[in-house]
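Chemist: Using full-length UniProt numbering, the letters of the sequence shown correspond one by one to residues 1 to 133.
Fair warning: there could be bad hints in the mix.
Computed cross-link-like contacts, EDC-like style, restricted to lysine to aspartate or glutamate with a CA-CA straight-line distance of at most 16 Å [what the hints assert, rightly or not]:
(1) K76 with D38
(2) K76 with D94
(3) K82 with E106
(4) K117 with E106
(5) K76 with E31
(6) K119 with E106
(7) K92 with E127
(8) K131 with E97
(9) K76 with D30
(10) K83 with E31
(11) K83 with E97
(12) K76 with D120
(13) K23 with D38
(14) K23 with E8
(15) K83 with D35
Everything labelled a hint here was simulated from the structure, so no lab data went into it.
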Amino acid sequence: PNFTLYREASFQMFQILSRFTEKIQPVSIDEGYLDITDCYALGSPPEIAKMIQQALLTELQLPCSIGIAPNLFLAKTASDMKKPLGITVLRKRDIPEIIWPRSVAEMHGIGEKTAEKLKDIHIHTIEQLAKGD
1 PNFTLYREAS
11 FQMFQILSRF
21 TEKIQPVSID
31 EGYLDITDCY
41 ALGSPPEIAK
51 MIQQALLTEL
61 QLPCSIGIAP
71 NLFLAKTASD
81 MKKPLGITVL
91 RKRDIPEIIW
101 PRSVAEMHGI
111 GEKTAEKLKD
121 IHIHTIEQLA
131 KGD
């Protein structure tokens, strides 16, 4: 792997993201959270997401998936739902239908070993985990 190239691409990616908002929380070399709450002048959240995707693809040839949600956990979950080049909007009202039925193994932050331990105590879905069933 060419880490110099990765670092440069990461720097450029965050430069592009900073055109849309100053409220950026980097998570890794290729991932970050943006708070676009006050960016309504740029368009709706899906419109802004499309602009970000287009800028990253056009300028850096980097595809990205974007999750739009009311909190970081749901945004990460939404982003993982459609790869590559997906834009997923996940609202609180969507949780029972979209999130609850998913396997705990699909939940951000749950690794293979934790998923196995949960399975051993008969917790298979995110709903079962959340509700303590």
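Chemist: State for each hint whether it applies.
Modeler: Hint check:
{"no.": "1", "hint": "K76 with D38", "verdict": "violated (20 Å)"}
{"no.": "2", "hint": "K76 with D94", "verdict": "holds (15 Å)"}
{"no.": "3", "hint": "K82 with E106", "verdict": "holds (13 Å)"}
{"no.": "4", "hint": "K117 with E106", "verdict": "holds (14 Å)"}
{"no.": "5", "hint": "K76 with E31", "verdict": "holds (10 Å)"}
{"no.": "6", "hint": "K119 with E106", "verdict": "holds (13 Å)"}
{"no.": "7", "hint": "K92 with E127", "verdict": "holds (14 Å)"}
{"no.": "8", "hint": "K131 with E97", "verdict": "holds (15 Å)"}
{"no.": "9", "hint": "K76 with D30", "verdict": "holds (13 Å)"}
{"no.": "10", "hint": "K83 with E31", "verdict": "holds (14 Å)"}
{"no.": "11", "hint": "K83 with E97", "verdict": "violated (20 Å)"}
{"no.": "12", "hint": "K76 with D120", "verdict": "violated (26 Å)"}
{"no.": "13", "hint": "K23 with D38", "verdict": "holds (10 Å)"}
{"no.": "14", "hint": "K23 with E8", "verdict": "violated (21 Å)"}
{"no.": "15", "hint": "K83 with D35", "verdict": "violated (21 Å)"}
In this structure, the hints that do not hold are numbers 1, 11, 12, 14, 15, in rising order.
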